[in-house]
Amino acid sequence: MAESTAKTLKIREFPIDENPKHTYLNAEKGILSWLLTVDHKRIGLLYLGSITLFFFVGGVLALLLRTELLTPAQSIIDADTYNQIFTLHGAIMIFLFIIPSIPAALGNFFLPMMIGAKDVAFPRLNLASWWIYILGALFALYSIISGAVDTGWTFYTPYSVQTGTAVVSMTMAVFVLGFSSILTGLNFIVTLHKLRSPGLTWSKMPLFLWSLYATAIIQILATPVLAITVLLLAMERIFGIGIFDPTMGGDPVLYQHFFWFYSHPAVYIMIVPAFGIMSELISTFSRKTIFGYWAIALSSLAIAFIGFLVWGHHMFVSGQSELSSVVFSFLTFFVGVPTGIKIFNWVATMYKGSIDLKTPMLYALAFLFLFTIGGITGIMIGALSVNVHLHDTYYIVAHFHYVMMGGTVIALLGGLHYWWPKMTGRMYSEFWGRITCGVIFVSFNMTFLPQFIMGSQGMPRRYFNYVDQFQGLHQFSTIGSYILGIGFVMMAVYLVWSLFKGPKAPSNPWRSRSLEWMTSSPPSHHNFEYTPVILHGPYDHHKPMREFRMGVAQEAAGHGETVEHEKT
Amino acid sequence: MNRIIEYMLPPQRSTLASEVDSLFTFINVAGFILFAGIMITILIFVIKYRRKSEDDVTPVITHNSILEVSWTVIPIILILIVFSWGFRGFLMLSSPPSDAYEINVTAASWLWEFRYPNGGTTVNEVFVPVDRPVKFIMRSDDVLHSLYIPDFRIKMDVLPNRYTTTWFQATSTGEAILYCTEYCGTAHSDMLATVHVLSIEEFEEWLETGLEVDEDMPLADLGRQTYTSAGCNACHTLDGADRIGPSFLNLYNTERELVDGSVVTADEDYLRRSILEPQAEVTAGYPNNMPSYAGRLNERQIDGLIAFIKELQD
Chain A
1 MAESTAKTLK IREFPIDENP KHTYLNAEKG ILSWLLTVDH KRIGLLYLGS ITLFFFVGGV
61 LALLLRTELL TPAQSIIDAD TYNQIFTLHG AIMIFLFIIP SIPAALGNFF LPMMIGAKDV
121 AFPRLNLASW WIYILGALFA LYSIISGAVD TGWTFYTPYS VQTGTAVVSM TMAVFVLGFS
181 SILTGLNFIV TLHKLRSPGL TWSKMPLFLW SLYATAIIQI LATPVLAITV LLLAMERIFG
241 IGIFDPTMGG DPVLYQHFFW FYSHPAVYIM IVPAFGIMSE LISTFSRKTI FGYWAIALSS
301 LAIAFIGFLV WGHHMFVSGQ SELSSVVFSF LTFFVGVPTG IKIFNWVATM YKGSIDLKTP
361 MLYALAFLFL FTIGGITGIM IGALSVNVHL HDTYYIVAHF HYVMMGGTVI ALLGGLHYWW
421 PKMTGRMYSE FWGRITCGVI FVSFNMTFLP QFIMGSQGMP RRYFNYVDQF QGLHQFSTIG
481 SYILGIGFVM MAVYLVWSLF KGPKAPSNPW RSRSLEWMTS SPPSHHNFEY TPVILHGPYD
541 HHKPMREFRM GVAQEAAGHG ETVEHEKT
Chain B
1001 MNRIIEYMLP PQRSTLASEV DSLFTFINVA GFILFAGIMI TILIFVIKYR RKSEDDVTPV
1061 ITHNSILEVS WTVIPIILIL IVFSWGFRGF LMLSSPPSDA YEINVTAASW LWEFRYPNGG
1121 TTVNEVFVPV DRPVKFIMRS DDVLHSLYIP DFRIKMDVLP NRYTTTWFQA TSTGEAILYC
1181 TEYCGTAHSD MLATVHVLSI EEFEEWLETG LEVDEDMPLA DLGRQTYTSA GCNACHTLDG
1241 ADRIGPSFLN LYNTERELVD GSVVTADEDY LRRSILEPQA EVTAGYPNNM PSYAGRLNER
1301 QIDGLIAFIK ELQD
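Chains as they are written, first to last, in my numbering: chain A, 1 to 568; chain B, 1001 to 1314.
It should be emphasised that the hints constitute simulated quantities derived from the structure, not laboratory data.
The model shown is predicted, which means the values in this text are computed figures rather than measured ones.
Among the hints, erroneous ones may be present.
Here are a few chain A residues that face chain B, going by a calculated C-beta distance under 8 Å [as the list claims (entries may be wrong)]:
1) R287
2) S318
3) S354
4) L365
5) I376
6) V467
Covered stretches of chain A, going by a simulated chain B footprint (3 or more residues, C-beta under 8 Å) [said to hold, decoys possible]:
7) 321-331
8) 512-526
Taking CB as the label site, the calculated pair distances span [unchecked claim]:
9) K29(A) with I1076(B): 52 to 60 Å
10) S1065(B) with T201(A): 21 to 29 Å
11) P224(A) with S1065(B): 36 to 44 Å
12) V1060(B) with E322(A): 48 to 56 Å
13) F239(A) with N1161(B): 19 to 27 Å
14) E1202(B) with E322(A): 30 to 38 Å
15) A73(A) with G1119(B): 33 to 41 Å
16) I1076(B) with G240(A): 44 to 52 Å
17) P1059(B) with L449(A): 49 to 57 Å
18) N1002(B) with V60(A): 35 to 43 Å
19) D1131(B) with F305(A): 45 to 53 Å
20) K543(A) with I1076(B): 24 to 32 Å
21) I1076(B) with A128(A): 41 to 49 Å
22) K543(A) with S1065(B): 23 to 31 Å
Don't be surprised by glycine CBs; every beta carbon is placed ideally from N, CA and C.
Generate the whole structure from the sequences, applying the supplied hints.
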């Protein structure tokens, strides 16, 4: 068996050390060994810590907004503060939390492991991208303490040119954060092309990596446009060069085109990695080969490409030409098709599987429920005539929270629980994990389902005061958001508890066939003590486990080179 | 289902509403069937294929052409239906009949001004005839705004650099609410107006008499009326509380410290200047964002407002 795969490549099974003494966590000590690390796993954790912090900040801001909305008039804060808080909630959640969340945290940690590499292609660039992220965060912080921003996270002109708040520092934060995103994307593309272990063909690549690959393409192609846009906005504010502000001869709708040319593809930067996690979870916890591997892999790429052609659906009533609106609406629906295909493939994977409702799988099921609602309501607002009624109402707010939070965040939580044993070497409490998943699922729906109703009834978004008719639904939504907050506190408690008191994790608690599980928990400094050789696909649950632990029998100088040499 | 949909939507009060609502209903029903189908399938799978032992063996199923083609083609058919349906409604929304009654709309932070063909204007209130197409020709004085009337299912952004238009034909008399739905700063959520739909006869009569100011009305009463009709109430309270601008209570004859440090007395002259050139002498501590009312109020209304403010002493 082993000899037949490559003529001169001798491979053997490597047993996994179940009680590793040397792991990436204790390889080096001291705070600098973390802040200046080039280990992709540690950088992944740095990102995980950073995004958790900003998720907490953004979440507290959201609860403040919901509290203010308990009554139709002023409750706890004034209108200007409210406007600043919803702007910060959006900007922090999008630029500091959700865009880096799955790729930069979980992706950084697991992408090299899943292809059997020691690290990403450019480890120092990887560290640089985290520091650039921190620099961007500092700019955002500076903006907050020097007067905050009240434009909405979209910075629409001419309001953003004329308002007295700290728009320039916040747009500079966005500018800087964009580079962090670009560098991560670049690193992933090169890594996936150049550092795959022997035998790991494109058709054996885990679907999580296909999704990160699609994401990386969007990151490096779309993000520069955002950088240019915010730079133009800053030049308009600082030097008075008329680009978007009509009083200086500019066109405000042009800004919207520029902005959404990035920000719509950015939606796929946020959601496509979540699709990748879903494929891993569903296959592992159904213990079954994924259904439609290529359909799922290629639909990620299809979404990435079509995603570039639909930005105008944010602008049906902006004053762009009616013909543009019609074309954008038509193209928009075609994003729905590959997305639907993914959902059907995941459900088909569960057919005749061996389904184990562990916490990560519960999150996967919650994702299917919430994201399907998000998707179908997306069809609703893609329809031209209905969009005119629903645009800029709470229907939109509810829709993107179902997609971004019900989709991306729920998948992130599923992935976090799934990979927690591998990252930390500890098992979380399955009991509390399931309870918390239930709490989050129910309270999420309590928070955002009423917003669909309010929106279709005509409640505009970004409203500090609202008409009395909506008070009941707003209060229901606010109560839901409080329970949602409690759910996240519960999760923080049991996850932190598991770090200290949790039982030691085995190397492969879920009996996954993917490569990251074929090393100790937590992994050693170099991920693998040998060069892995891949014989089967990552979802081949019907193949014996030992065939997934193969590596080059006699290690020569470095990765790859030996194999290349011997093959020729 | 019908009752749920009815609950979810505002009343249908324009000829366009039923077109929009029928598509809204179709997507909800089709979407719900699709959603329920997927969820029930998942539920059945989860129960039926629940892990029985750690050694469960699962079959290798990687493809099924019939299934895959059908779950690609059926959604494509559905989205083509939804697209064409939405397109039809959008065509209606963007093609005002040529005989529409035209009203010019100016949006400013934060008020709506409506100018009628006979030269009359109203602020934060618009009067329209029932059963007759009405077209709004809109522009903004400052930043972006958006005109939204949920009962009519219309919405259109209002731009500072060119005209945009929207139209409707109301089907029943009564009042409807008009919102601003493009974020425009502090009082964005107070930038509301009321649409009064009148019968044709009432509307004709209103055009004759309603736009004229009642010459006999005492000045202070006219001022009180203007205070709400011109939208002063969005920013200035009557109870001493600070909103966006200073409260009108006890305002008259007080010393005002301006942003440049100078002090003026809020006498009749200052109040008048503040209405016509609000950005010239701004009281310290308040934003410089009030729109000018020059041309929006007539002399008697300005006098009325001043008389009204003078009376507000406790």
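Comparing the hints with the structure gives:
1. Against a cut-off of 8 Å between C-beta atoms, the interface hint on R287(A) holds, since the closest Cβ of chain B lies about 6 Å away.
2. A least Cβ separation of about 5 Å between S318(A) and chain B falls short of the 8 Å threshold, and the interface hint therefore holds.
3. Because the closest C-beta pair between S354(A) and chain B is about 3 Å apart, less than 8 Å, the hint holds.
4. At a threshold of 8 Å, the smallest CB-CB gap from L365(A) to chain B is about 7 Å, leaving the interface hint in force.
5. Because the closest C-beta pair between I376(A) and chain B is about 4 Å apart, less than 8 Å, the hint holds.
6. Taken as an interface hint, V467(A) checks out: its beta carbon lies about 7 Å from the nearest beta carbon of chain B, inside 8 Å.
7. Residues of the segment 321-331 of chain A with a Cβ under 8 Å from some Cβ of chain B number 5, which satisfies the need for three, so the listed coverage holds.
8. Note: the segment 512-526 of chain A has 0 residues with beta-carbon separation from chain B under 8 Å; the three-residue rule is not met and the coverage is violated.
9. Hint check: K29(A) to I1076(B), Cβ distance near 58 Å, so the stated range 52 to 60 Å holds.
10. Between S1065(B) and T201(A), the C-beta spacing of about 24 Å keeps the proposed range 21 to 29 Å intact.
11. The given range of 36 to 44 Å is respected by P224(A) and S1065(B), whose C-beta atoms sit roughly 41 Å from each other.
12. Against the hinted window of 48 to 56 Å, the Cβ-Cβ separation of V1060(B) and E322(A) comes to about 51 Å, which satisfies the hint.
13. Roughly 20 Å separates the CB atoms of F239(A) and N1161(B), a value that falls within the hinted 19 to 27 Å.
14. E1202(B) and E322(A) have their C-beta atoms about 34 Å apart, which keeps the hinted 30 to 38 Å range intact.
15. Between A73(A) and G1119(B) the beta carbon distance is about 37 Å. The supplied range of 33 to 41 Å therefore holds.
16. Hint check: I1076(B) to G240(A), Cβ distance near 49 Å, so the stated range 44 to 52 Å holds.
17. For the pair P1059(B) and L449(A), the beta carbons lie near 38 Å from each other, so the given range of 49 to 57 Å is not met.
18. As the Cβ distance of N1002(B) to V60(A) is approximately 41 Å, the hint placing it in 35 to 43 Å holds.
19. A hinted range of 45 to 53 Å holds for the C-beta pair D1131(B) and F305(A), which are about 48 Å apart.
20. Between K543(A) and I1076(B) the beta carbons are some 36 Å apart, a value that contradicts the proposed interval 24 to 32 Å.
21. Between I1076(B) and A128(A) the beta carbon distance is about 44 Å. The supplied range of 41 to 49 Å therefore holds.
22. For the pair K543(A) and S1065(B), the supplied restraint of 23 to 31 Å holds, since their beta-carbon distance comes to about 25 Å.
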